[in-house]
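Student: Residue-level listing of the chains:
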Amino acid sequence: MTSAGSGWPPAVFDPAGPYSEPVTTLAWALLLGGTAVLLVVLAALWAALFGSAKLKARLGGERAIWILGFAFPAVVLTGLLVWGLMLTSSLSATRVTGQEMRVKIIGEMWWWRVHYQDAEGRETLRDANELHIPVGTPVLLELEAADVIHSFWVPRLGGKMDMIPGRTNRLLIQADKPGIYKGQCAEYCGGPHALMGFIVVAHAPADFARWRASRLPASEGEGPGLSLFLSSGCAACHTIRGTPANGLAGPDLTHVGSRQTLGAGILPNNPGTMAGWIADAQAIKPGNRMPAYHQFSGEELRAVSDYLVTLK
Amino acid sequence: MLAPPVGIIGELAVKIAGVEAGEARAGLAVAFAAETMTGEASRLGARVAAAERQRFAGGAKAVVMGRRVASHQREEEEKGSGAHLAGTIVGVRWFPKRDARGCRMIWKGGFAGSMLLMLTACDPAPIEPPLADAAAIARGKAAAARLGCGACHDMPGIDWPKGQVGPPLAAFGKRGLIAGQLPNDLPLLAVFIRDAPAVVPGSAMPAIPMTAREARDIAAWLQSLRD
Amino acid sequence: MRSETGFDPALYDRFPTKGRRPKGEEDALRRIWCKPKGWEYLTVVNNNYVGIYYLGTAFLFFLMAGVLALLMRAQLAAPMLEILPQGTYNQVFTMHGTVMMFLFAVPAVEAAGVLLLPQMLAARDLPFPRLSAYAFWAYAVGGLCFFASIFVGLAPDGGWFMYPPLTSKAFSPGINTDFWLLGIGFIEISAIAGAIEIIVGVLRTRAPGMSLDKMPIFAWSMLVFAVMIVIAFPSIILGTLLLEIERALGWPFFDATRGGDPMLWQHLFWFFGHPEVYIIFLPAAGMMSMIVAAVAREELVGYRLIVLAMLATGFISFGVWAHHMFTTGMPPMTTGFFSAASMAVSVPAGLQVFSWIATLAIGKRSFNAPGLFVLGSITIFVTGGLTGVMVAMVPFDWQAHDSYFIVAHLHYVLIGGMVFPLFAAFYYWIPMVSRRALSEPLAKWIFGLMFSGMNIAFLPMHLAGLQGMPRRVYTYLPGQGLELPNLISTIGAFMLAAGVLLFLIDLARNFRLAPGGGNAGNVYDGGTLEWLPSELYSTRSIPVVRRREPLRDDPKLADDVAAGRYFLPRSATGLRETIVTSPLLAEPQYLQIMPGPSAWPFAAAVFTAGFFLALTVQAYMFGWVSGVLAVASVLRWLWETDRPVEQAQVDIGAGIMVPTYVTGPSSHGWWAMVILLVVMAMIFIMALFSLAFLWSNQPGFWTPPPKIGAALPVALLYGTALVAALAARRLLPRGAGRSAGLLLLSVLAAGVALWLDWSSWRASGLVPQASGQGATIYALQALQAFATGTGLLMAAFCAARALRGLVSLPRNNSVDLTMLFLAYTAVQGLVAALFGRAFGMP
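Chains as they are written, first to last, in my numbering: chain A, 45 to 356; chain B, 1077 to 1303; chain C, 559 to 1400.
Please note that a few of the clues may not be correct.
[Claimed, not checked] Here are the simulated lysine-lysine pairs, PhoX-like style, with alpha carbons at most 25 Å apart:
{"hint": "1", "chain 1": "C", "residue 1": "Lys922", "chain 2": "C", "residue 2": "Lys1114"}
{"hint": "2", "chain 1": "C", "residue 1": "Lys576", "chain 2": "C", "residue 2": "Lys1265"}
{"hint": "3", "chain 1": "C", "residue 1": "Lys1114", "chain 2": "A", "residue 2": "Lys100"}
{"hint": "4", "chain 1": "B", "residue 1": "Lys1250", "chain 2": "B", "residue 2": "Lys1238"}
{"hint": "5", "chain 1": "A", "residue 1": "Lys98", "chain 2": "C", "residue 2": "Lys922"}
{"hint": "6", "chain 1": "A", "residue 1": "Lys148", "chain 2": "A", "residue 2": "Lys221"}
Treat the hints as calculated values from the structure; they're not laboratory data.
If we strip away everything but chain A, and leave its shape as in the complex, we get (with noise of 0.2 Å):
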């Protein structure tokens, strides 16, 4: 979690993936290019102002308008509009090989849900707000969103694409280094959007299969814990696999416990920011739609929260 993003060197000049890495390469080009004909404009605008009267006279004519303004500008562009085509067509999850992993991500207001498919698109596992990927290998997202309009954006690891309500999108992500990416809803959606965020964790390729044989089982958790997370409201909205607990309006905690972030994205998991969130999400993060809990006792609160960060 530390390590998903110190804001320096900026996420778009720190890609780790071959879906950001050559546009990295774009920005960089456009950033310095920008830059000289910045300082060429204010070279022009210098000289019109003290220029010698031969250079003046060079830049006040219609000849000069037309070659900076025009040719200059033109030849430019159209070298930058060949290579930007170029880039968005291999880029574009148009290019599809079958070989990637399939998740399907919808967008809800302020969470993420994650569905991983096998390659015929079935569901086979539950999650959300983390993607786990294995390093090296292409993933294949189809973004949909259940309410309004989100924007799913990994920056390290691509652009971002929207989720839009009765659409499919897809976006081609890669990491090429274990680590923690961060990522966010770049498209407003109203409430705490501020506050939606997502994390990508890219294993190394055994470590990744651990991690998905560790996913596989159900819950066999029991306990007041979960009698209390039984009856006190919370399986309306939750899922815990192997329990009763089967609401749908609300992230799958089958396995929270491992989760790496509470709150989509944005707080570290432990027993202690669990309670805090059962107890008061709302001043955690306002407006989300899960409700402080202020009816537990102490004891209860930490039954309850203990029991969660046991669902590893």
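Start from chain A and add chains B and C according to the hints.
Tutor: Only chains B and C this time, still in chain A's reference frame:
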């Protein structure tokens, strides 16, 4: 009237010993030793100790693991602060040197309970232990931010979150008691931060995985909050 | 020189006339164009007043939206601050964007047009002064009420782009969103009214001899601006209508679960929204061109290039809207096209920038206040343009889109392209309306604060965006490296604000309104006609224009004009009047009699505002009463117009005789009606587009339409309506009553046709709430019903005038315009009936 505070001190000794020693047996041994020392505390302390015996035997696992990870760092660091464990067992090794009337008290030995009483009788002025070193304070603040303590507590200098489940911790260094029950003393606070239910059984604050050093750093930071 | 209208250009040589004008002419002009007193300040229609009111109000909105910006910057100064709670912040950023774009930028440039154009073109006023007054008051009253919603926490919070489904009833159940739709409704009305006014004004009321190639560049820019409004605004008008209908009645235009599509809104919004940027930029660029020439004391280099560039900008800007949608999953082919167009649109901007640089190069160097702001503007605007090219690159936009990089980009473009030019314009033109010019020494401070503040505020935002900070966030988490750039931005924002504050102080110290003469005059040595000595009636006489900068070339011009040695040195009819000229060569055609002050435009505006506001707060009774009163006020104001004067022909100077009443295609009223019909047709075309769009995107929700055969009687009736309308004009010489009867018949036929069409759809089982198809089909019919209802009002108006003997024979403008409107209504109804059936036929 004397019973509660004295009892608490007794309990404390037990808890601290147990947690810090990391091994149930050692903890209990110290706890029993403490009981004998603090006379009045014995009844309560024994009860708590009994209740916790089982817990330490099993529940201390996590703590032990955490400690192992950080053990060699810790040992180095602890040289400076003196025998932490020992100091804690004997109650409170030192306490602030001044109050409004200039009472100067050096506390020593196993009479922590009565000393506390004396302090209370002498003057209710805030207890201000000397600040820990700046590096520890900074580390503590960073650790608190990283662990998300703000999920429940509004803490100065931590922008977010500012939870309201637990008490706000502004000016914590001036506060007399931890969780309204325990004296606000650094080693004790560190224990509380790491495993609150162990020292305040009804507490909503769960045991939170962290190293003992992190806990002490956080405690140091919290005690440095004086305004 | 060829003639356009048969007017002999040799007649221009009679000017300047010799000798002295008779005494009393000037006093008569002063009396006719008199100064308002007391309450009359509410009823003025003279552009000198309305323009100032307009500009002042727009500037007030700039200040208020600027305060909102400061609140936001305070909230974002550090992570997770709680200066503005989340909900409030979301309202504040929505209002900041909406107010700046709709209530400041568009009205401000429009206001500049209202204030400056008649002076520059040496017309006595714009051709529809009462329309200007109505547009202004509707905008001022409505805009202020809309703004007030933020004080009661009811301001919209869906962003200035208002994407559904976030703004649909399900996710925004409060009336906040309705306030947005209301506020935009006012600006739609005033923008369209202003556009009609400006197009007709620029094309028909230029000083004689001012052919298009001698027109001041600002007039060119306002012309392109107005044409762009006419084409772009219908899209947002339809969009806001549909969204409000969806919210109020549950017709699912944008609801994907019921056969609507949220993408439809994005297309409608951005088809307006992107041209909107150029709508704001072009007039400002026009001002820049004027000011650059004045600052350099040289004629503008590349005049033709600039005109070409502006036309190209206007044209290309309608092909770039989808660059706001590169991340919506459009196919690469589509994004490629819009990417190319978005880059292409930067070329004309480049041409203009280098024309300005060229002019500065040949001219004198001076760092007076307008000059400084010009230089600042070029620097900032070019920076924004370059980041614009960056985001036009699709792959880069995938990263930059909806991040703070875009916030930085758009503020560079808009502040550099519009705000700085506007400040330059303030300095440059304030001496035209104020007794004193603004302070030059203070201007250096103001410029310094604004320029550095602007860069300090917005440069770091590029970085924040590339670090991953999305737009429209009320806060950000600590520890992502965003603290420093945001803190710097906040400091810069307050510096910028300090500059503006200093400007306000300067205004308070030096701005003394003097519309009726006695102003500071041509401080910066401009060469165009607005610097002629003028009073409330504008210039004493209307000069013949032979060059682009007449004042520079003819030093005697000002004296000759003031001595009345040119056109119209007096009021020929004793009424307010101006010369209407031909569109290309500006040959005098006729004398337009202008309406004077009236309380009715003001009343109509207040009731219009009352109507919308009451409906928004669901006070329906009050709302409908207000609506009826608004219509009644408009009719009442029109009742006084369209009256021929006694003298059919008058001498407008040097013995040149022109008519005082002209009907048909060369009349200014006809032009205005045609432009209005273009607006209506554009709204209608956008509705057809909506139907086609939903049909292609949501075919699963489509049901078979009624049989095309059922449309036959509908088509026949619309044919009847069309013929009746045309006949009404043709048969007018035979009597006003018969003509009015035919107009009413046309309305009746159109109404019955609509009813038949509607019933056949009802019979097919389609209801508007059922699907996107149902919603758009009935929306088309609602548009048709609106046109028919308006047509009924107009026909009834003509009938009433016929009864009172107010319809002139053999030709009458009211009948002409009603005929045009009804003919259009019939055609629109027919297209609607056929088009709706064409989609989804088995």
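Student: Decide, hint by hint, whether the structure agrees.
Tutor: The hints, checked one at a time:
1. C:Lys922 to C:Lys1114: Since the Cα atoms of lysine 922 (chain C) and lysine 1114 (chain C) sit roughly 24 Å apart, the hinted pair holds (cutoff 25 Å).
2. C:Lys576 to C:Lys1265: Violated, because 75 Å separates the two Cα atoms, which is more than 25 Å.
3. C:Lys1114 to A:Lys100: Between lysine 1114 (chain C) and lysine 100 (chain A) the Cα gap is close to 32 Å, so the pair fails against 25 Å, i.e. violated.
4. B:Lys1250 to B:Lys1238: Holds, at roughly 20 Å.
5. A:Lys98 to C:Lys922: holds (15 Å)
6. A:Lys148 to A:Lys221: holds (22 Å)
In this structure, the hints that do not hold are numbers 2 and 3, in rising order.
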